[in-house]
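Trainee: Each chain, written out:
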Amino acid sequence: MIRAFSVNSTMLKRSGSRRTSLRLVGFLFLASVAFGAGCSSNKYREPITKFQTSAAVVSADARKVYSEINRLQRTALIRKHARENKVLRQDDLDKVQPLSRANLHARLDALDRLNDYVDLLVKIANSDAPQSVSKSATDLSGAIANLVGTVNGLASGENADFKVKVNNAFGVGSVIFSEVLKAFIHRKIKDGLEAAILRGAGPINELIDAIEDDLRAYQTVNLAVFHSERTDILKLYNCELAKKESVRCPEDDRTPFNGQRFETYKTQLIASDDLLESLRAADPRESLAKMKKAHLKIVLLAKSGAPADFAEAVAAIEDFAAAVKRFAEAVENLKAS
Amino acid sequence: MPDIDPTLDVIEIIGAGITSMNRCLANALPTEKGYDELENQRDKALDRLHLLVKIFTENSTHRFTSADSDLALINGELQAILHKLGKLGEMIDAATEFVSAIDTVIASISKIV
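Chains as they are written, first to last, in numbering that gives the first Met the number 0: chain D, 0 to 336; chain Y, 0 to 112.
By construction, these hints were calculated from the structure, which means they are not laboratory data. Nothing here was measured: the structure is a model prediction, and the numbers come from that model. Just so you know, even glycine gets a beta-carbon here, dropped at the ideal spot from N, CA and C. Heads up, some of the hints might be wrong.
Some, not all, of what chain D presents toward chain Y, calculated at C-beta under 7 Å [what the hints assert, rightly or not]:
no.	residue
1	Asp91
2	Lys94
3	Thr137
4	Phe161
5	Thr219
6	Ala223
7	Ala305
Output of the computed footprint for chain Y on chain D, the stretches with three or more beta carbons under 8 Å from beta carbons of chain Y [said to hold, decoys possible]:
no.	segment
8	122-128
9	179-191
10	194-201
11	227-239
12	311-321
Make the full structure from the sequences, and use the hints.
Mentor: Given below as structure tokens:
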């Protein structure tokens, strides 16, 4: 690089070529403009990387809810039929399981695509292309400087025209070539990210809305079913207890009070209350609303590029991450109960 | 303008109704008059709720397939950007090799001449 610069400086002094001087000014102008705007692609790194971490947790938990909803409903129905000594048919089981295989796959595929989208944004935002391209460009500058040096070292005479051509073609530009390229790549990355974020805004919002609506429906049916299960267990508990005072429930089995059975109902009632509590706590709607808000802030940042929007985006994403953490803990409790 | 599916609101209304019925049942004794009738009504409401959730799930699947295909397109564009970024470095490296080769050739020729 030093060699390139000395060769080119010498060449400038010697030739005093107006065209070369203009080219140098042009390159310097381009470099300063491009470099000034260049590093702004870095501003997306922090918000997008944080968004990815939280979105991955929401996506994994939504996946868990989709994968579990059929099992939860099936298990509840089997327990109900067993409690009531009722025959169980496959049709009964099919009726309570909301997700067919095709519907489940459509949802899991969309979640995969959402993860891919965010991962790609992160890859581009964290791309080392500006550095690696700049290094390649520096190598090229060195090679060009060597070539210019070799050509200038040729004997004069019939090589004079060739020397001028080589110097005009490769001379001054090589000095700042790598910086211009680096700035150009930063600009490309920034433009690509902004375009992708703006184009992704519609589908991402629609996807978050669709997941939110699904989870509202599943939360409603889960609460209704498990609240009913709790009521049924409470009924058995009270009926068993009533036997002590010779009071009989309408569907009574005419057996005397059984202490062991009473203990079983008591344990089931406690477990049922715990499950209901976990279900209420594992409502993912707070996380999804915050995810939508955080995504909106990233979109606004892509539109305006204003520092205030950057700060708001980071704050919204941190808020989203905190909500996800609470939701993830609640889901773990639900799984354990 | 997104499609507004009233099914979800109906699901939540029925869910709230079932919760109210369960509260009534939990506060009554199974021996009380009307308990069984209320229990039957609750079970019928649960059957309707299951049916509605199934219909809702079926109807909303297109929202996922549509978002999926839109995102697939955008992801393709993002991959193209990544690919181009990688290619640019490769192109410059190829140019470097080319320039070095010319340099070597010229240096060799100048020694001979």
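Trainee: With reference to the structure, classify each hint as holding or not holding.
Mentor: Results of checking the hints against the structure:
1. Asp91: 10 Å, violated
2. Lys94: 6 Å, holds
3. Thr137: Result: violated, 10 Å to nearest chain Y Cβ.
4. Phe161: At 9 Å from the nearest chain Y Cβ, D:Phe161 fails the 7 Å test, so the hint is violated.
5. Thr219: 4 Å, holds
6. Ala223: 4 Å, holds
7. Ala305: At about 24 Å, which exceeds the 7 Å cut-off, the nearest Cβ of chain Y leaves the hint on D:Ala305 violated.
8. 122-128: holds (count 4)
9. 179-191: holds (count 5)
10. 194-201: holds (count 5)
11. 227-239: It holds, with 7 qualifying residues against the three required.
12. 311-321: It is violated: at least three residues are needed, and the segment 311-321 of chain D offers just 0 whose Cβ sits closer than 8 Å to chain Y.
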